[in-house]
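Colleague: Here the protein sequences come in this chain order: R and V. Those letters in the first sequence? Residues 99 to 387, by my numbering. Those letters in the second sequence? Residues 7 to 439, by my numbering.
Be a bit skeptical, because a hint or two may be false.
Example chain V residues on the side facing chain R (calculated, C-beta under 7 Å, incomplete) [claimed, not checked]:
id, residue
1, Gln43
2, Thr44
3, Ala94
4, Leu285
I should point out that these hints are in silico values taken from the structure, not numbers from a laboratory. From the three backbone atoms N, C-alpha and C, an ideal C-beta is built for every residue, glycine too.
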Amino acid sequence: MTTTATSLIVTTSPLQRRRNRGRGYKAFRAIMLVLVALTFLAPVVWMVLSSFKTNVDIYNSEAAFIFTPTLKNYDTVFGQADYVQYIWNSFFVAAVATLLSLLLAVPAAYSMSRFVMKKSAVLVLLARVIPGVSLLVPWYFVFSNLRIVGTYTPLVLSHMFVSLPLILYIMMSFFDSLPEELEEQAQVDGLTPIGAFLRITLPLSVPGIATASILSFIFSWNNFMFALVLSGASTKTLPVAIFDFVGYASIDWGGLMAAAVVVTIPIMVIALFTQKYIVSGLTAGATKG
Amino acid sequence: MKHRSIKVVTAAVAVTVLTGGLLAGCTTAEGEEGGKQTLRVTLANHVWTDIVKDKISDFEADHEGVTVEVTQLGEDQLSDQYNVKLNAGTDEIDVMMYRPLQEGKLFAQNGYLADLSDYVTRDAAWDWNDFQEGPVEATTYEGSVVGVPIITEQQVLYYRTDVLEKLGIAVPKTLDELEAAAKQIKEQGEIAGYVGRTGVSAAVTQWSSFLFSEGGDFANKDYTKATLDTPAAKEAYELYGRLIGQYGPANVSTDMSWPDAAALFAQGQVAFYSDASSLYQNLALEENSTVWDKVGYAPFPAGPAGSVPYNVPSWALGINNDSNKKDLAFDFVEWLTSPELTLEVQEAGVPAARTSVWDNPAGTASFPPQLAEAIAIGAKTGVGYDRPRVISVAEAREIVGAPIVVAITGGDVDAAIKKAQADFQAFLDDEND
């Protein structure tokens, strides 16, 4: 009995220990995941809850989770302020800046990758290194003399200044990872170099283009500094418009939070949906390869 | 195969052309066409702005062909924008709302603000002499008028009427009485005695009334010698520190500006709060405050030098020196600051800079009577600034405010004052060079 029991203990205990260790790891992982999620989501939850509260409830810790919800703040955002226009402005500037940057940066990245133009690449990278704020005064001076401050054009151009190098560098590394043999094979089959780029390389690069586009779009959507100086009353973007709720001797916290929700939710939704797209694109590429 | 490649290239070109076209279509240069003029006005987010903005169509109706284009921003965003645009020599701003005490000297010295001395005297009916002396002084630079004050504020004492009544405490008339009352309330244990701004820079303006009432100042008259280590300044630092550090809310944060401090009062956690008169709606409106019906107002308590709160023009209107529509711009400023519109604005609760509206019962009718009285007293006894009158105001505030935080947290105030005095003296020497 004793011997059997001892041998049982001896044979099962490492397994048991492994199981225990496995359980301990799972519990630790779950706790850490919850902690990280709470840390990142807490401000968003607070923002969303506050957008349904009155100013008195926002400061009242007892009404943190239990309160009488109000839609007044959203009524202020969409009723009194011209937020539909601001949403359109943000969307338009982000979309056009991203699109134009893609049109210029993708072929440029392809050339720099395939024809090893490292010096040109470093030159473009300089645009990423120079802080945008140091360019604001000269930009404003130029755009002001061209009489285009307050229109979409300087906003799009200034956003492209950041988006273009970003897309270029993402796409350069993507093109580097694609085998050149595929294009050579296409050319053997009768395609021109441009044809091989358009019909072979570009379709395989869709996941990279999607990633670069999302990052560029998110940058444009969130940009405050360029829009503050270069936009006008009718071209104001959401990050600038949000400050309308901060007054000199009064802050409409509820309206501010509702406006923040309006700014945040679209970009979160876009990011979530396009993330799916990227994953599927990557999988498709892998299968083809 | 080739045919399809051509289609793809054609599509790409089409997208480029379309996008370019769209951009070009959006690029409509703003300017004058066929005798039409656009007056570009930059205003701060303020109740004043909300009121006058709705009336701008009246001005446009009186001035045929004139369109007023308003850009409205928060105070810090407004400053950032001015710094970039005025530095680039823009003529795309005509009328600008600015803070005379925060950036007036810098803007005037840089030549951003047009000289309005001739404009302000051109119409006797508009009456430049009706504007209060302190605010006018703050919008005058080296003898030239560079701005028209529009909004004033004075430091007043807000208190909880129910708490004082319950504990049998009289409304404090002196700083000693205020300290004794705050101590008694704190010791009672239900709520804190006093709260004010605690952030290094934010607190300076609200501490200034303590400094003036103790008989001190930031510097001597011509700003050549710092006076932060005088007995009066030391007492002001220590008293402000005791009021918040010892009789204020527990674990008080040291980066509070007015929204945080006012919120503590509005949530019923504090009995006394001293800040600008312009903040009263954050405390006295039901939608903002849980104690809205229990708020009392008193003039700033007197120190050894009497009750000497600040009485400042928080905002003024200036004209961009590079504007090519200065006459029209001043027409607009004149219209915005006319006695009639000023009265209307004050009736809506915005303290104005014209003496006549304070003398007019209609001008004070919308204010709680106690507050109107406190403002009137502050306007008479107050001084026209609440921060050092220097060019780099933000930097000066950081230096002057440092001992305030040390006093609140119970640190070595003497050492902090000594350092602030030396730093501020070096700062003044540097600015005067």
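Colleague: Now tell me if each hint is right for this structure.
Modeller: Checked hints:
no.: 1; hint: Gln43; result: violated, 15 Å
no.: 2; hint: Thr44; result: violated, 10 Å
no.: 3; hint: Ala94; result: holds, 4 Å
no.: 4; hint: Leu285; result: holds, 5 Å
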